[in-house]
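Participant: Could you put together the complete structure from these sequences and hints?
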Amino acid sequence: MECTSFYRDTWVEVDLDCIEENVKSMISHLSKEQIVIAVVKANGYGHGDVQVARTALNAGASYLAVAFLDEALSLRRHGIQAPIIVLGASRSEDVNVAAENNVTLTVFNLEWIIQAKERLDKDKTVSFHLKLDTGMGRLGIKDEGEMLEVIKVIDESPMFHLEGIFTHFATADELDLSYFHAQFERFNQFLSLLPYQPKLIHTGNSATGLRFPEKTFNAVRLGIAMYGLTPSTEMKGLLPYELKEAFSLHSKLVHVKKLTEGEKVSYGATYTANEEEWVGTVPIGYADGWIRKHQGAEVLVEGNRCEIIGRVCMDQFVVRLPHQLPVGSRVTLIGTQGNQTIGIDEVAKRLETINYEIPCTINFRVPRIFLEKQSIIEVRNTILL
Numbered sequence: 001m002e003c004t005s006f007y008r009d010t011w012v013e014v015d016l017d018c019i020e021e022n023v024k025s026m027i028s029h030l031s032k033e034q035i036v037i038a039v040v041k042a043n044g045y046g047h048g049d050v051q052v053a054r055t056a057l058n059a060g061a062s063y064l065a066v067a068f069l070d071e072a073l074s075l076r077r078h079g080i081q082a083p084i085i086v087l088g089a090s091r092s093e094d095v096n097v098a099a100e101n102n103v104t105l106t107v108f109n110l111e112w113i114i115q116a117k118e119r120l121d122k123d124k125t126v127s128f129h130l131k132l133d134t135g136m137g138r139l140g141i142k143d144e145g146e147m148l149e150v151i152k153v154i155d156e157s158p159m160f161h162l163e164g165i166f167t168h169f170a171t172a173d174e175l176d177l178s179y180f181h182a183q184f185e186r187f188n189q190f191l192s193l194l195p196y197q198p199k200l201i202h203t204g205n206s207a208t209g210l211r212f213p214e215k216t217f218n219a220v221r222l223g224i225a226m227y228g229l230t231p232s233t234e235m236k237g238l239l240p241y242e243l244k245e246a247f248s249l250h251s252k253l254v255h256v257k258k259l260t261e262g263e264k265v266s267y268g269a270t271y272t273a274n275e276e277e278w279v280g281t282v283p284i285g286y287a288d289g290w291i292r293k294h295q296g297a298e299v300l301v302e303g304n305r306c307e308i309i310g311r312v313c314m315d316q317f318v319v320r321l322p323h324q325l326p327v328g329s330r331v332t333l334i335g336t337q338g339n340q341t342i343g344i345d346e347v348a349k350r351l352e353t354i355n356y357e358i359p360c361t362i363n364f365r366v367p368r369i370f371l372e373k374q375s376i377i378e379v380r381n382t383i384l385l
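Each residue of the sequence shown is one higher than the one before, counting from 1 in UniProt numbering.
Everything labelled a hint here was simulated from the structure, so no lab data went into it.
Just so it is clear, the structure is predicted and the values come from calculations on it, not from any experiment.
Check before you lean on any hint, since a few could be wrong.
What the hints assert, rightly or not - Simulated crosslink set (DSS-like; lysine-lysine; CA at most 30 Å straight-line):
#, residue 1, residue 2
1, 199, 152
2, 215, 142
3, 41, 244
4, 199, 124
5, 32, 244
6, 152, 122
7, 264, 215
8, 117, 152
9, 215, 24
10, 24, 373
11, 264, 349
12, 236, 373
13, 349, 293
14, 215, 41
15, 199, 24
16, 258, 293
17, 117, 199
18, 41, 293
19, 236, 24
20, 264, 293
21, 142, 152
22, 124, 41
23, 293, 244
24, 215, 152
25, 293, 257
26, 41, 349
Facilitator: Following this line, the structure appears as structure tokens:
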């Protein structure tokens, strides 16, 4: 693939066909009464929020979710008119901005909704989802009385509309489900006290949607599974359908040379060649999110697993090659070459973290190429946008 729309030899490929298939698989897994809320926060988990949002909506998702109001406004600026909910905390003084852009906000305590009522212009209306803390310990109302007071404030305000109510499970992706069941029961206790049920009731993240669709009420917030990644390693054998990983990371050899015995490589001179060997320089480093801890890890070159030698630098690293290779040879850091694959889960395990973190940390310096039906439909370099 020739990447001529930007000016560096490192890029991410996002396969939108995989995103589409993952959304359709979840929709098929749910009942006809349940909808999918596509979670595109954090720039679509590093995949590209606008492109993923459009693909998810075209695949049948009914709603979008983000973490912050800024993310919702960015989608609106790109012409996306679908319903959007901000799952995180917004400032009460920004309630008019949300109303003007038809963005649904999350109510997470009584003080916030009182302040929002005081600040909302009388000619505007805004919708809310009420967040209940049933055991996650982050945002949300824990007290039943406070929940009822919040609903009262909303009901007494004609410019407010309570569209939904939700909670978030802390352990739905684990094998021990005792805490999950306790949270589910707590949520049901809250629901039993409601004077009425709002349009949307949702508890399901990806893990809950995959494992317990019957406990998600009428909506699933499809996040990590939309991108083809399993919510946890414990769930790998519990999936009801195959997930299609959409994200891959590539670069090229920009310099190739032969080391002689005793020559050293990179900062700190931590690597010494024990014999003559061919090495190549790859133009990606920790400033792109490919951190120093990748020293000693493997990437794919010409279908071979090749070791990163010496320390990863800010903008580049060095890889040991099986033999002399031409400058311009493709290097795959995440993805497939030939019959070899390095998936995001492998990278996460190497870094002792979770798969969510990997695409999110490949940052704005790395352009995204969006593929659909195996053709490039868009190239986005966030430095330029």
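Participant: Provide an ascending list of the numbers of those earlier hints which the structure does not satisfy.
Facilitator: Checked against the structure, the only hint that fails is number 7, while the rest are satisfied.
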